[in-house]
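Trainee: The lines below spell out each chain.
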Amino acid sequence: MICSIDTCFLIDWTRYSRRKLLLKVFDYCYIVDEVLNEIRSENTIVFISELLARGFLVFYPFRREIASLVRELVETSIRDPRIRTLDPPEAYALAIGIRENAIVLTENRGVLNLVKLYPKYSASVWRSYELLQELFKRGLIEDIDEEIKRYEGETRHKFSRIHRR
Amino acid sequence: MSRDRGKTRRVQVRIDEIVEKEIRSREADWSFINSLPSKLRHALLLYIETGDEYKASRLAGLTLDEFIELRIKARIPKVVVVEE
Chain X
1 MICSIDTCFL
11 IDWTRYSRRK
21 LLLKVFDYCY
31 IVDEVLNEIR
41 SENTIVFISE
51 LLARGFLVFY
61 PFRREIASLV
71 RELVETSIRD
81 PRIRTLDPPE
91 AYALAIGIRE
101 NAIVLTENRG
111 VLNLVKLYPK
121 YSASVWRSYE
131 LLQELFKRGL
141 IEDIDEEIKR
151 YEGETRHKFS
161 RIHRR
Chain E
1001 MSRDRGKTRR
1011 VQVRIDEIVE
1021 KEIRSREADW
1031 SFINSLPSKL
1041 RHALLLYIET
1051 GDEYKASRLA
1061 GLTLDEFIEL
1071 RIKARIPKVV
1081 VVEE
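Chains as they are written, first to last, in the numbering used here: chain X, 1 to 165; chain E, 1001 to 1084.
Mixed in with the good hints there might be a few duds.
Claimed, not checked - Below, simulated BS3-like cross-link-like pairs (lysine-lysine); rule was C-alpha separation at most 27 Å, straight line:
1. E:K1073 - E:K1021
2. E:K1073 - X:K158
3. E:K1007 - X:K120
4. X:K149 - E:K1073
5. E:K1039 - E:K1007
6. X:K116 - E:K1007
7. E:K1021 - X:K158
8. E:K1055 - X:K116
9. X:K137 - X:K149
Said to hold, decoys possible - Selected chain E positions facing chain X (in silico; Cβ < 7 Å):
10. V1013
11. I1018
12. E1022
13. I1033
14. E1049
15. D1052
16. G1061
17. T1063
18. L1064
19. D1065
20. P1077
21. V1081
22. V1082
23. E1084
These are computed hints drawn from the structure, not numbers from a lab.
Where a beta carbon is used, it is the ideal one built from N, C-alpha and C, also for glycine.
Build out the structure end to end from the sequences listed, making use of the hints.
Mentor: Set out below in structure tokens:
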């Protein structure tokens, strides 16, 4: 299984003490090189450099081939007031997900809304919550409630539960 | 039928956004936010309003990881709505 990852997701995930579990779920992970422009903190640089050294993070090599899809996604988000305008990092992450049938790791509301409202841009989008659930399903974490609490604390996330009929 | 489903999705999307914004605003450390220079303060206000870290970081003149650090100092959570 492969994934593409949004910059914010990667930065947040780096703060999680069990961040290396990411490598147990995916074979490799596509990023675009702009990600590196957004990183200054020592911990994040160390983690990313380790993932690059292991060949887990891969710079997406076919950017030119998805340029028109990226443009289409961004334009759709600009035109539709229900969707928060996509910026390049998340637009690339989503386009790679669509093109490569990769899981898109992002918590960007624009991407989530776009995928929900436009079935033609179908992609599997996972937030950290879904990734933690997957780790639990695979037996890589023992207590999902404890782990969710740990993740919330370490990354200052808040998983807000909504009951829908 | 599918028009109804589309409408339901649009309503859900809007409800999620309202819930997220309300939690970000409620949990924020307002005295810290109000003590910041104008640019950083407005960037955090933009984040509370939209949840968009990328745009907020551009407004603040920070990289994304610097902005995330600032968000955490301001005790603003990243809210993820989860369906039960």
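Trainee: For each hint, tell me whether it holds in the structure or not.
Mentor: We went through each hint and held it up to the structure:
1. E:K1073 - E:K1021: holds, 18 Å
2. E:K1073 - X:K158: holds, 15 Å
3. E:K1007 - X:K120: Measuring from Cα to Cα gives roughly 17 Å; hence the hint holds.
4. X:K149 - E:K1073: holds, 19 Å
5. E:K1039 - E:K1007: Judged against 27 Å, a Cα distance of about 38 Å means the pair is violated.
6. X:K116 - E:K1007: Judged against 27 Å, a Cα distance of about 12 Å means the pair holds.
7. E:K1021 - X:K158: holds, 12 Å
8. E:K1055 - X:K116: holds, 22 Å
9. X:K137 - X:K149: Answer holds: K137 of chain X to K149 of chain X is near 17 Å, not above 27 Å.
10. V1013: With Cβ-Cβ at 5 Å, under 7 Å, it holds.
11. I1018: violated, 11 Å
12. E1022: violated, 9 Å
13. I1033: Because about 15 Å separates I1033 of chain E from the closest Cβ in chain X, which is outside the 7 Å limit, the hint is violated.
14. E1049: violated, 11 Å
15. D1052: holds, 6 Å
16. G1061: violated, 13 Å
17. T1063: Given a least distance of 5 Å, the restraint on T1063 of chain E holds.
18. L1064: For L1064 of chain E, the interface hint holds, since the closest Cβ of chain X sits about 4 Å away, which is under 7 Å.
19. D1065: Result: holds, 5 Å to nearest chain X Cβ.
20. P1077: holds, 4 Å
21. V1081: At about 5 Å, which falls below the 7 Å cut-off, the nearest Cβ of chain X leaves the hint on V1081 of chain E intact, so it holds.
22. V1082: Status holds, d = 5 Å.
23. E1084: holds, 5 Å
This entry does not satisfy hints 5, 11, 12, 13, 14, 16, going by the numbered hints stated previously.
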